[in-house]
Structures are given as structure tokens and as C-alpha cells.
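Given the sequences, and given the hints that come with them, work out the whole structure.
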Amino acid sequence: LEGLATGRQPGAVASGARDAVAPGATPDAVVLLAEEGGAVLHAPGTVVTVANAIDPTRTYGRVSPRDGGEPLEGDVAAALDRAAIVIAAELVGVCQRALDMTVAYVKDRKQFGVPVGSYQAVQHAAALMLRDTEGARAALYYAAWAADAQPADLPMAAAMAKAAASDAGRSVTAAAIQLHGGIGFTWEADVHWLYKRAQMDAALLGGASAHRARIVEGLRARRAVAAG
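Start counting the sequence shown at 5; every next residue gets the next number (our numbering).
FYI, nobody ran anything at the bench for these hints, they're computed from the structure. Hints may be right or wrong, so weigh each one.
[What the hints assert, rightly or not] Derived CB-CB ranges, DEER-like: (1) Glu221 <-> Ile58: 23 to 31 Å; (2) Tyr123 <-> Asp157: 40 to 48 Å; (3) Val220 <-> Asp104: 15 to 23 Å; (4) Ala228 <-> Pro155: 58 to 66 Å; (5) Gly186 <-> Ala228: 23 to 31 Å; (6) Gly185 <-> Arg86: 34 to 42 Å; (7) Ala129 <-> Val54: 30 to 38 Å; (8) Val229 <-> Ala82: 17 to 25 Å; (9) Ala225 <-> Ala83: 16 to 24 Å; (10) Asp157 <-> Lys111: 35 to 43 Å; (11) Thr63 <-> Leu223: 34 to 42 Å.
C-beta: ideal position from N, C-alpha, C; glycine also.
Structure (C-alpha cells):
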């Protein structure tokens, strides 16, 4: 769908999440965004097909526009940045929940007569989970502040928040499964739901690599301005 609402093709364009949208497959209207513009598509002219996804707790779909819709007014780039911040916030919440569940588990689970959390290797792994979570949280808080207080920094701040949260979401939830041991790989352990949500959120509106590329572009632009 890339290029549709920007004038390169007839129709409307999907966001950096490619053709995945959430939630549901029966909308009244679909807003499709790109950095260069966007469009509002009415349901009668749009087909949204439910898509198979790793995260079964939320419905995702693929958009198939049949017409060009109506041009979307406003600052589309800022809307994308704010949406990325919202997803980053959910990822930080996922990380925190995974960390809380893991710490509680390693305190309770005993091996050789002592809690597994008493072993230094487990403590180090949990500390890394905390480090990644707090790093993503700091980037998120700054981006949320910049959205209102310093809009000029919003693009860079949103990219940093989404990149940090995407990386943290994947690493923290994977570590949570590992530290739960054998039970962590079963359906009975809730940590796998967090892992799946992190995988989807990390991909929505661009993954960590895409946002790091945006950061590099932003730094180059600032350097060019400073150089005159």
C-alpha cells in the first residue's frame, strides 16, 4: 500500500506498520497515514481483512482501499510521531509487567532448597531487564514531554522512544520467558502473551532499525544547519 495517498498511486497509503492495522476489521472509517500526507477512507470503499498475527489478544487487519478517499488535513507527521509514542508507552508497560512477574517468580521458585533468584546469574539477568525497561521509560517520558512542550524536538524524541521501547520490549519479554524456566515456554505461563504483544508493537509504525535511521537523518540535518 505504500505510496497511495502521497500521489504516487491512486488511493491511500498505509503507515509504517505496512498493511497491519489494529483493532478490528469492521471500522466506520480508516485513516491511513504517511509522512508526506494521508487520507480518510470510508468503510464502503475499503476492505479490511482480518490478518493472522503472533498476538491473538488483539485483532489486526489488512486494508485494501478501493478508492482514493478524502485528503487528510493537519500535520500528519506529528500524528505519526504521537502514535509512535503511544505504542512506546504500551511497550514500556509490557516490559514492566514482564519484569514484575519474573521477579515474583524467581523469588518463589526454589531449586536445591533456595529461591532461584538467589543465584547471581539470575540476578544479573533481572538487572538487565530493569536496565532496558528504565532506559525505554526515560526515552518515552522525554518524548511525551516534547510532544507538548517542545514540538520541534518531537520527531527525534518519538524516534528515540519507539526505538528504545521496541528493543526493550523484545529483550525484556524474551528474558522473562527464559527466567521462568521450562514453565515459561508453556501456554500456562502468561509471559508468552507479553512476548507476543511486544513483537507486534515493536513492528507497528516502524521497527527499531527504521527509527534509528530517522535519528541518524535528524542528526545529519542538525549538523548541516550548524555548519551553515
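Hints, one by one, checked against the model:
1. Glu221 <-> Ile58: 23 to 31 Å: holds, 30 Å
2. Tyr123 <-> Asp157: 40 to 48 Å: holds, 43 Å
3. Val220 <-> Asp104: 15 to 23 Å: Since the Cβ atoms of Val220 and Asp104 sit about 34 Å apart, the hinted range of 15 to 23 Å is violated.
4. Ala228 <-> Pro155: 58 to 66 Å: At roughly 21 Å between Cβ atoms, Pro155 and Ala228 fall outside 58 to 66 Å, so the hint is violated.
5. Gly186 <-> Ala228: 23 to 31 Å: Since the Cβ atoms of Gly186 and Ala228 sit about 54 Å apart, the hinted range of 23 to 31 Å is violated.
6. Gly185 <-> Arg86: 34 to 42 Å: Given a distance of about 39 Å, which is inside 34 to 42 Å, the answer is holds.
7. Ala129 <-> Val54: 30 to 38 Å: holds, 37 Å
8. Val229 <-> Ala82: 17 to 25 Å: holds, 20 Å
9. Ala225 <-> Ala83: 16 to 24 Å: Since the Cβ atoms of Ala225 and Ala83 sit about 21 Å apart, the hinted range of 16 to 24 Å holds.
10. Asp157 <-> Lys111: 35 to 43 Å: holds, 40 Å
11. Thr63 <-> Leu223: 34 to 42 Å: For Leu223 against Thr63, whose Cβ atoms are near 38 Å apart, the range 34 to 42 Å holds.
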